[in-house]
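Since the structure of chain H is provided, determine the placement of chain E on it from the hints.
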Amino acid sequence: MTLWLYLHFKHLQLDSLTLSHNSTPVVIVNGHSNRVVQVCTLAKQSGITVGMGLASAASLSEKLQVVAYDEQAEQARLQEIAQWLYLVTADISLFPPDGILLKVSNMLSLYQGLTIYWQHIQAHLSHLDLNYHYATGYSALAARLLARGQSDIITDDESLLQSSINSFDLLQTDLSERTCEQLRRVRITKLSQLLCIPVSELAKRFDIELVHYVGRLQGQLKYPLIFYVPEEQFSRHLTLLFELENLQWLAKPMAKLLKQLELFLRQRNKLAQQVLLTLQLRDAEPVLIQVAISAGESRAHAWQSLIELKLSNISLNAPIQAITLSAEYLLDNQCVNNELFQSLQGQSEIPALIAKLQAKLGECSVQGVTIDSDHRPERAFHFVDPSHSFTEQTRIKDLQRPSMLLPEVAPLQEKVTIYSGPERICTGWWDNQAVARDYYIARNEQGKWLWVYKEPSQQWFVQGIFC
Amino acid sequence: MSKIIDLLQHRQWIWQGSSHAHLSSERISTGISLLDTKLQGGLPKKGMIEVQADCGIGELQIWLPYLQQDNRLIVFINPPGVVNAHQFYHLGFDHKQLLFTNTNCAIDALWAAEQCLKSRGCGNVLLWHNSLSISQAKRLQLASEQGGSTLFLFRSVCEQQFSLPVALCLQLTAQPQGIAVKVKKQRGGWPQESFILSLADYWPQLVPEQGEASNVAVFPTPVRYAK
Numbered sequence: 001m002t003l004w005l006y007l008h009f010k011h012l013q014l015d016s017l018t019l020s021h022n023s024t025p026v027v028i029v030n031g032h033s034n035r036v037v038q039v040c041t042l043a044k045q046s047g048i049t050v051g052m053g054l055a056s057a058a059s060l061s062e063k064l065q066v067v068a069y070d071e072q073a074e075q076a077r078l079q080e081i082a083q084w085l086y087l088v089t090a091d092i093s094l095f096p097p098d099g100i101l102l103k104v105s106n107m108l109s110l111y112q113g114l115t116i117y118w119q120h121i122q123a124h125l126s127h128l129d130l131n132y133h134y135a136t137g138y139s140a141l142a143a144r145l146l147a148r149g150q151s152d153i154i155t156d157d158e159s160l161l162q163s164s165i166n167s168f169d170l171l172q173t174d175l176s177e178r179t180c181e182q183l184r185r186v187r188i189t190k191l192s193q194l195l196c197i198p199v200s201e202l203a204k205r206f207d208i209e210l211v212h213y214v215g216r217l218q219g220q221l222k223y224p225l226i227f228y229v230p231e232e233q234f235s236r237h238l239t240l241l242f243e244l245e246n247l248q249w250l251a252k253p254m255a256k257l258l259k260q261l262e263l264f265l266r267q268r269n270k271l272a273q274q275v276l277l278t279l280q281l282r283d284a285e286p287v288l289i290q291v292a293i294s295a296g297e298s299r300a301h302a303w304q305s306l307i308e309l310k311l312s313n314i315s316l317n318a319p320i321q322a323i324t325l326s327a328e329y330l331l332d333n334q335c336v337n338n339e340l341f342q343s344l345q346g347q348s349e350i351p352a353l354i355a356k357l358q359a360k361l362g363e364c365s366v367q368g369v370t371i372d373s374d375h376r377p378e379r380a381f382h383f384v385d386p387s388h389s390f391t392e393q394t395r396i397k398d399l400q401r402p403s404m405l406l407p408e409v410a411p412l413q414e415k416v417t418i419y420s421g422p423e424r425i426c427t428g429w430w431d432n433q434a435v436a437r438d439y440y441i442a443r444n445e446q447g448k449w450l451w452v453y454k455e456p457s458q459q460w461f462v463q464g465i466f467c
Numbered sequence: 001m002s003k004i005i006d007l008l009q010h011r012q013w014i015w016q017g018s019s020h021a022h023l024s025s026e027r028i029s030t031g032i033s034l035l036d037t038k039l040q041g042g043l044p045k046k047g048m049i050e051v052q053a054d055c056g057i058g059e060l061q062i063w064l065p066y067l068q069q070d071n072r073l074i075v076f077i078n079p080p081g082v083v084n085a086h087q088f089y090h091l092g093f094d095h096k097q098l099l100f101t102n103t104n105c106a107i108d109a110l111w112a113a114e115q116c117l118k119s120r121g122c123g124n125v126l127l128w129h130n131s132l133s134i135s136q137a138k139r140l141q142l143a144s145e146q147g148g149s150t151l152f153l154f155r156s157v158c159e160q161q162f163s164l165p166v167a168l169c170l171q172l173t174a175q176p177q178g179i180a181v182k183v184k185k186q187r188g189g190w191p192q193e194s195f196i197l198s199l200a201d202y203w204p205q206l207v208p209e210q211g212e213a214s215n216v217a218v219f220p221t222p223v224r225y226a227k
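In order, the protein sequences belong to chains H and E. Per my numbering, the very first residue in the first sequence carries number 1; after that it's consecutive. Per my numbering, the very first residue in the second sequence carries number 1; after that it's consecutive.
Please note that the accuracy of each hint is not assured.
Using 20 Å as the maximum straight-line C-alpha spacing, the simulated PhoX-like pairs for lysine-lysine come out as follows [unchecked claim]:
(1) E/K185 with E/K138
(2) H/K448 with E/K118
(3) H/K222 with H/K103
(4) H/K259 with H/K270
(5) E/K118 with E/K138
(6) E/K118 with H/K360
Please keep in mind that the hints were generated in silico from the structure rather than gathered at the bench.
Here chain H stands alone, though its shape is the one from the complex:
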């Protein structure tokens, strides 16, 4: 028989709330029923329990902070947990909104025993800082029942598991209230009583739902499961507990997401080239912040400093309610073998420097260059993104060229002395941008070195300055 492990996250949404607040009690309240569904330790101390109405909860603690229950957020969090667990165990099935089922049997040959397997799972889950109950079972439903009943039992002893199941009350199972009521009328209130009855007898007297349940609970019928498949892209959403108006306060929650990104990338041996941060604002269009490091980066603090630079240029017109972080363009992390004694430290810092400058000044203000094989000075090169690759050109020696070109060619309007020249450039007849120019190096009366040319029409122009 297959052994299963079920993890029941008692207050998943509560655990996922970011801003740690040791001072205020927090409860999660279901908006429809107006009842408390999740309670933090502090709130529990003041007497608030699950199932209590909002009014009575509020009367027990004056500082009580109330958060609405969000099933979608909880499911998304469950996905994240599954993704995290996938690193240590193979078959994972989600039981929304608050449960995860692991198939243990397949993993035992890897971990050499249930205890070691469980230690691994526990150590792995401890990174997420969650509260949960757990149990093993020889069917998915048995494990679920035990975990939800807070048994916290890890064993492969069949008789022990069976006896723990037997002690459960029918109301604690997944059976509908109507079925429980039917069973109560025939004086069946404990699971042990129900399991004594052969399935064929049950099928005669009760509906198919009960038969399926009992069969699946005992592992005689197969429970349909969909196993988790990990996603390829990183995307995380975080709802802030408070609305933020100051961008500097965003650093903490952002760091939390970036840490997750770092782990995600490191475990896949990948680097992200681009990170997209979306700020969801109250009653306003979300703000998108995009930062890029062309060489790829996985470390959280590198991204953090870039995003903070970008944020310093932004002003908000509404408070932030939630943030989403996603990474795009993942690269394989290819380690370069550096020489041991020759320091290449400096070279590796350049992409980070470029990324930093681009984040603060804007991408078009920081440029590299590529050289084109053209003799026309204004077409001999053009500015590109610094990460642009480039083919080598043959270098011409002893070229006399100015270090600065004027943005626009200007007519020569002063008296100059010619020092060198002419150098004739006569080209471009193939693309209708023909030039025929004689270039000279000249100096004006203030001692400024100019690069001037004469056209066939005998007009003189200044094109560059020898700075």
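Coordinates of chain E only, in the frame set by chain H:
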């Protein structure tokens, strides 16, 4: 008495010869022998070099042999025109070695300069900036010492300006024979009277063919281009 000295030291209003004795006096040749002898062997290895000159007299040209020795990144911040990368490439600079930044405001330019100076991948920063306060200059000087890089600050000549806390301050003026160089301030040395770098020293290609060019061929007429 000592209180006053403490105050002066704290405010950095006093210069002590002893405190600078341990400073690295490593020099890098400028590639121009006359300049090297006047500057005690060349430019300081790191720090800020202030070049006061009018634009276009060759104030960048004379540093090109020096820049060619270093294969680290060169960053141009707010140059006065479009930097002719074509020339730099054919002089032997790698295209990856050149980075160009134009900023809208002066504060951003200083920020960019500081970031570049601090990064160990960056060797030389060329900054065109006219109004720099003493505290800003000090900050840039510290950044360049931290990153082991050199900052060339190009600014126009103005006698009334404060002297900035820089490693070297030069004033260049155009002369018919070349450039007059005046060492206004140098760390670990005395200011120098102005001397003249002739064209033969730094731009020998221009010397022999001085005067009006007489070997110009007339453009062939009529000139027709394919339309």
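Which numbered hints fail
Per hint list: single violation, 2.
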